[in-house]
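Peer 1: Chain by chain, the residues:
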Amino acid sequence: MSMQQTLPLPGVAPERTGGYRRDHLLVAEMVRPGSRVLDVGCGDGELLQLLESRGIDGRGIELSREGVNGCVAKGLAVVQGDADTDLVNYPDDAFDYVILSQTLQATRQPKVVLENLLRIGQRAIVSFPNFGFWKMRLQLLIGGHMPRTENLPASWYDTANIHFCTIKDFVELCEQINVKMERAVALDLYGRPVPLNLPWWVWNMFGEQGVFLLSRGGQGK
Amino acid sequence: MSNVRPITSQSIPSDDRAHEADHPSSLVAQFGMDQPLKLDCGVDLAPFQIAYQTYGELNADRSNAILICHALTGDQHVNNTHPVTGKPGWWDTMVGAGKPIDPDKYFIICSNVIGGCMGSTGPASLNPATGKVWGLDFPIITIPDMVRAQAMLIDRLGIATLFCVVGGSMGGMQVLQWTAAYPERVFATLAIACSTRHSAQNIAFHELGRQAVMADPDWRGGRYVDEDTHPHRGLAVARMAAHITYLSDAALHRKFGRRMQDRELPTFSFDADFQVESYLRYQGSSFVERFDANSYLYLTRAMDYFDIAADHNGVLAKAFAGIKTRFCVVSFTSDWLFPTSESRALVHALNASSARVSFAEIETDRGHDAFLLDVPEFLDISRAFLLAAGKARGLKDDGQS
Numbered sequence: 003m004s005m006q007q008t009l010p011l012p013g014v015a016p017e018r019t020g021g022y023r024r025d026h027l028l029v030a031e032m033v034r035p036g037s038r039v040l041d042v043g044c045g046d047g048e049l050l051q052l053l054e055s056r057g058i059d060g061r062g063i064e065l066s067r068e069g070v071n072g073c074v075a076k077g078l079a080v081v082q083g084d085a086d087t088d089l090v091n092y093p094d095d096a097f098d099y100v101i102l103s104q105t106l107q108a109t110r111q112p113k114v115v116l117e118n119l120l121r122i123g124q125r126a127i128v129s130f131p132n133f134g135f136w137k138m139r140l141q142l143l144i145g146g147h148m149p150r151t152e153n154l155p156a157s158w159y160d161t162a163n164i165h166f167c168t169i170k171d172f173v174e175l176c177e178q179i180n181v182k183m184e185r186a187v188a189l190d191l192y193g194r195p196v197p198l199n200l201p202w203w204v205w206n207m208f209g210e211q212g213v214f215l216l217s218r219g220g221q222g223k
Numbered sequence: 003m004s005n006v007r008p009i010t011s012q013s014i015p016s017d018d019r020a021h022e023a024d025h026p027s028s029l030v031a032q033f034g035m036d037q038p039l040k041l042d043c044g045v046d047l048a049p050f051q052i053a054y055q056t057y058g059e060l061n062a063d064r065s066n067a068i069l070i071c072h073a074l075t076g077d078q079h080v081n082n083t084h085p086v087t088g089k090p091g092w093w094d095t096m097v098g099a100g101k102p103i104d105p106d107k108y109f110i111i112c113s114n115v116i117g118g119c120m121g122s123t124g125p126a127s128l129n130p131a132t133g134k135v136w137g138l139d140f141p142i143i144t145i146p147d148m149v150r151a152q153a154m155l156i157d158r159l160g161i162a163t164l165f166c167v168v169g170g171s172m173g174g175m176q177v178l179q180w181t182a183a184y185p186e187r188v189f190a191t192l193a194i195a196c197s198t199r200h201s202a203q204n205i206a207f208h209e210l211g212r213q214a215v216m217a218d219p220d221w222r223g224g225r226y227v228d229e230d231t232h233p234h235r236g237l238a239v240a241r242m243a244a245h246i247t248y249l250s251d252a253a254l255h256r257k258f259g260r261r262m263q264d265r266e267l268p269t270f271s272f273d274a275d276f277q278v279e280s281y282l283r284y285q286g287s288s289f290v291e292r293f294d295a296n297s298y299l300y301l302t303r304a305m306d307y308f309d310i311a312a313d314h315n316g317v318l319a320k321a322f323a324g325i326k327t328r329f330c331v332v333s334f335t336s337d338w339l340f341p342t343s344e345s346r347a348l349v350h351a352l353n354a355s356s357a358r359v360s361f362a363e364i365e366t367d368r369g370h371d372a373f374l375l376d377v378p379e380f381l382d383i384s385r386a387f388l389l390a391a392g393k394a395r396g397l398k399d400d401g402q403s
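Chain order of the listed sequences is A and B.
My numbering puts the first sequence at residues 3 to 223.
My numbering puts the second sequence at residues 3 to 403.
Zero decoy hints are in this set.
Using 27 Å as the maximum straight-line C-alpha spacing, the simulated DSSO-like pairs for lysine-lysine come out as follows: (1) Lys76/A / Lys101/B; (2) Lys137/A / Lys113/A; (3) Lys170/A / Lys137/A; (4) Lys393/B / Lys76/A; (5) Lys76/A / Lys398/B; (6) Lys398/B / Lys326/B; (7) Lys320/B / Lys40/B; (8) Lys101/B / Lys393/B; (9) Lys170/A / Lys182/A; (10) Lys76/A / Lys326/B; (11) Lys113/A / Lys170/A; (12) Lys40/B / Lys134/B.
It should be emphasised that the hints constitute simulated quantities derived from the structure, not laboratory data.
Let the sequences and hints guide you as you build the complete structure.
Peer 2: Here it is as structure tokens:
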């Protein structure tokens with residue numbers, strides 16, 4: 003957990019290393035070479051392209067036709083579709099990893115989506131903005147407004163993010179549906195990983211976002 | 003639309019068309035008694051011929067060949083003036099210099115389907131056994147039969163693997179059949195506005211069209227050529243009904259609305275008062291000049307019988323198990339003949355087979371016919387797919403390997 007990557011949220015120009023976004027490099031580092039990956043909400047296919055350059059067999063789902071077109075132009079195999087409605091159509095164990103990047107909070111049924119990710123894939127990599135981040139709390143506590151940040155600038159009435167959660171909420175959901183957290187990275191405001199040995203509440207306070215590598219839990223809890 | 007004729011007047015099919023059935027204005031591959039086409043109905047069809055056109059040059063590695071499969075009433079004249087109608091090639095938005103399928107880059111092949119009436123053996127061809135036109139003595143053909151015949155043509159041309167097989171509607175059915183029957187011979191496919199099986203609604207529309215043809219007294223039980231008649235009224239009605247299914251409510255409204263044809267007020271008669279009526283009549287009467295009525299019966303039947311899953315114990319994914327072919331599937335939002343749901347069903351099966359598939363739904367109000375029209379988003383994704391697949395195939399920008 004010594005990596006110093008930043009995980010930029012949508013709207014912020016991502017830092018690049020060797021032509022690739024640093025958050026993509028972090029995700030790519032979590033994926034074993036030679037595996038099969040489904041990237042849900044793959045945008046213009048940058049992450050998929052990085053994965054394929056590392057010998058990973060990638061597929062994508064993307065909502066926007068422009069995104070699909072960009073992916074097709076890169077020679078990627080991407081299907082126009084929606085995480086809420088289309089994941090159910092993928093067979094069990096079709097992939098080694100299913101990636102859901104900064105999208106969970108915009109789905110209608112995050113729990114169902116999460117369950118589907120781990121039905122379709124042996125593992126899932128999920129990243130999301132942490133609503134328990136201290137700046138968010140402060141805006142609500144002091145300002146009395148729903149929080150808005152440069153990374154999440156939309157007002158409450160026009161945001162696509164309908165299911166915000168905190169890192170703590172997410173961890174509880176994982177426990178509730180018997181999902182094993184193999185690896186977790188919380189990044190602070192400056193993109194630094196919050197030290198691993200600190201308790202969850204610190205992560206929940208100082209992590210601006212969470213990145214989780216998940217697998218199916220064993221029998222029972 | 004000045005040359006509108008009511009369909010009750012004599013729209014005689016041109017002699018040119020009848021001539022094309024046996025002596026096409028295109029290349030022809032002839033297959034003798036020793037090379038029968040084994041049809042699904044059990045008949046060995048021999049001899050037979052396939053009429054086809056090619057554009058561009060095959061490269062040294064024979065790796066740049068694109069096979070275009072035409073739709074129900076299309077033919078091999080994809081990129082040249084039509085010998086009967088004098089109109090431009092039927093897919094001039096997609097095929098041509100600077101277009102997604104560019105003859106400067108690819109070796110493009112398009113053949114008339116078996117059962118067609120533009121030079122490939124079909125019900126309008128002469129039956130060598132009788133010296134008369136086949137008519138209803140012609141065996142029933144299927145989409146797999148069409149593809150089997152195309153594969154024989156591709157063998158004849160000395161091409162082991164096609165770079166891409168492309169087609170929309172019935173052409174898309176052939177594309178899918180190619181991948182199911184000859185997966186190792188197809189590097190990439192572009193399947194547009196199609197389905198892995200013909201729906202009940204589509205079979206119903208086809209039955210309407212066939213009954214219109216057969217209800218015409220001039221059909222004469224299919225022997226109209228021998229009796230020197232032609233079921234032009236029935237065939238025109240069939241075409242009119244079918245044409246509506248190729249469009250959309252929004253497209254018809256935009257194009258015609260309730261506007262009157264060359265008049266201000268209704269005539270209180272059954273004249274073509276509305277522009278949309280006049281348009282449909284024109285579509286009907288111009289169609290009969292270039293198409294054979296029996297061929298229309300056979301080809302609609304072939305589409306009705308199409309169901310890839312049925313050939314694989316009802317499991318569609320089995321048809322594509324282990325396939326290496328790259329797929330690009332495209333549908334159109336306003337297409338109610340081959341709606342997006344059918345393309346999605348195909349994509350799900352391909353996903354279940356771990357196939358390399360891309361899929362896009364193009365936003366347009368132009369209905370099923372959108373694949374033949376200038377719809378930039380559709381042409382863009384087709385171009386992008388072919389370029390990326392070409393790169394993976396090792397094709398250079400000039401089509402050389």
